[in-house]
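Novice: Spelled out from the first residue to the last, the chains are:
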Amino acid sequence: MTAPHADQLIDGYLARICAAAHDFPAAARDELLDDMRSHIADARARDSQETDATILNILDRLGEPAVLVAEARERLGIKTQQPERPGLLEIAALVLLLFLWPAGVVLLWLSSQWKTRDKIIGSVFSLGGYPGISLIGLVLAGAGAGHGSRCITVRNAAGDVLQSSCSGTSVLDIIGSVAQTALVIVLFLLPVLTAAYLAIRLRRWHRLETIAA
Amino acid sequence: MWYIGRVPADGLVSQMRRGALEYCVMALMQQTPRYAFDLIDALAKTGMLTTEGTLYPLLSRLRRDGLVKTEWRESADGPPRRYYELTAEGRRALTGFKSEWTTFRGAVDAILQEAKKS
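Chains A and B supply the protein sequences, listed in that same order. Here the first sequence stands for residues 11 to 223, numbered as in my numbering. Here the second sequence stands for residues 15 to 132, numbered as in my numbering.
Source of the hints: derived by calculation from the structure; they are not laboratory data. Any given hint could turn out to be false.
Said to hold, decoys possible - Partial chain B-side listing against chain A, Cβ under 8 angstroms, derived: (1) Pro47; (2) Phe51; (3) Arg87; (4) Asp91.
To be verified - Label-pair restraints from in silico Cβ distances: (5) Val122(B) - Arg56(A): 36 to 46 angstroms; (6) Trp115(B) - Pro14(A): 18 to 28 angstroms; (7) Leu66(A) - Leu35(B): 19 to 29 angstroms; (8) Trp115(B) - Leu98(A): 48 to 58 angstroms; (9) Gln45(B) - Gly97(A): 49 to 59 angstroms.
All C-beta atoms, glycine included, are put in the ideal place defined by N, C-alpha and C.
Input sequences plus hints: build the corresponding full structure.
Specialist: Next up, the structure:
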């Protein structure tokens, strides 16, 4: 008979080991987890009348995840990663990424608080920061100037519109201008969103280290 | 300064137990290959192992140092088990420890006995 919450209890226990050993080499961590799974399976095979208490006792005897991981660290000579707190460097990187992009990118890559993948995302999607975006905007505006509708409006001396005729206004032009507006909005939001993403990634990284400590 | 009588002497006794445990585990697989759960059973009876899970990092270490080798075997009642067996180097290390231990134990015992008499 299987205990009603066996899987939840065991998975929770293994997850705590996994979190505490998050900075282990993958092979060492996998071996530890495999050993724990196989131990639990052996222990469970002994008891035909299994209850949640049986599982809790097995896990209790096995030991507190933090203790086990500390033991493994010592026996296998795995050094504790010094949890570096996100500091001035990271804040400066995020601010500069928006307003002085090249310097921001340099700081982003100098920091050890982001994974390489996040650094690439941060460098690419910040689009040169706001100076860079102004440049892109100017280029786009230049390219867009030739298009669009031309309207002739005839007004009287008082400024009332007497006649207004537009040439070349088509559905395509409307779609074009809508797309252009959307593009501008996206362009202006991207660096901020990128910075926000980087900030979130940084905090998640930080939280993992707190679990391990 | 730690005194066994006053303070639980955690440091000293647990360090001694820790050091000796490695060789006790190796001694247990002297005759026949054994799997971890089986070793834990044997050690638990002697009070050498309080936290069962700590045996696994020890076994990993022994394997990494080439003192034991492992082999997966099917079990009758459950998933396959990893069996641990002494290597030639492991046997040498164990023999070395046995003679060191005998000398050490003899020396400490002699001094303790001597101190009791005087």
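Novice: Each of the hints needs a verdict: does it hold here or not?
Specialist: Consistency of the hints with the structure:
1. Pro47: Because about 15 angstroms separates Pro47(B) from the closest Cβ in chain A, which is outside the 8 angstroms limit, the hint is violated.
2. Phe51: holds, 4 angstroms
3. Arg87: violated, 12 angstroms
4. Asp91: holds, 5 angstroms
5. Val122(B) - Arg56(A): 36 to 46 angstroms: holds, 39 angstroms
6. Trp115(B) - Pro14(A): 18 to 28 angstroms: For Pro14(A) against Trp115(B), whose Cβ atoms are near 48 angstroms apart, the range 18 to 28 angstroms is violated.
7. Leu66(A) - Leu35(B): 19 to 29 angstroms: Because 26 angstroms falls inside the window, the suggested range holds.
8. Trp115(B) - Leu98(A): 48 to 58 angstroms: Check passed, 55 angstroms falls within 48 to 58 angstroms.
9. Gln45(B) - Gly97(A): 49 to 59 angstroms: holds, 58 angstroms
Of the numbered hints stated above, those contradicted by the structure are hints 1, 3 and 6, listed in ascending order.
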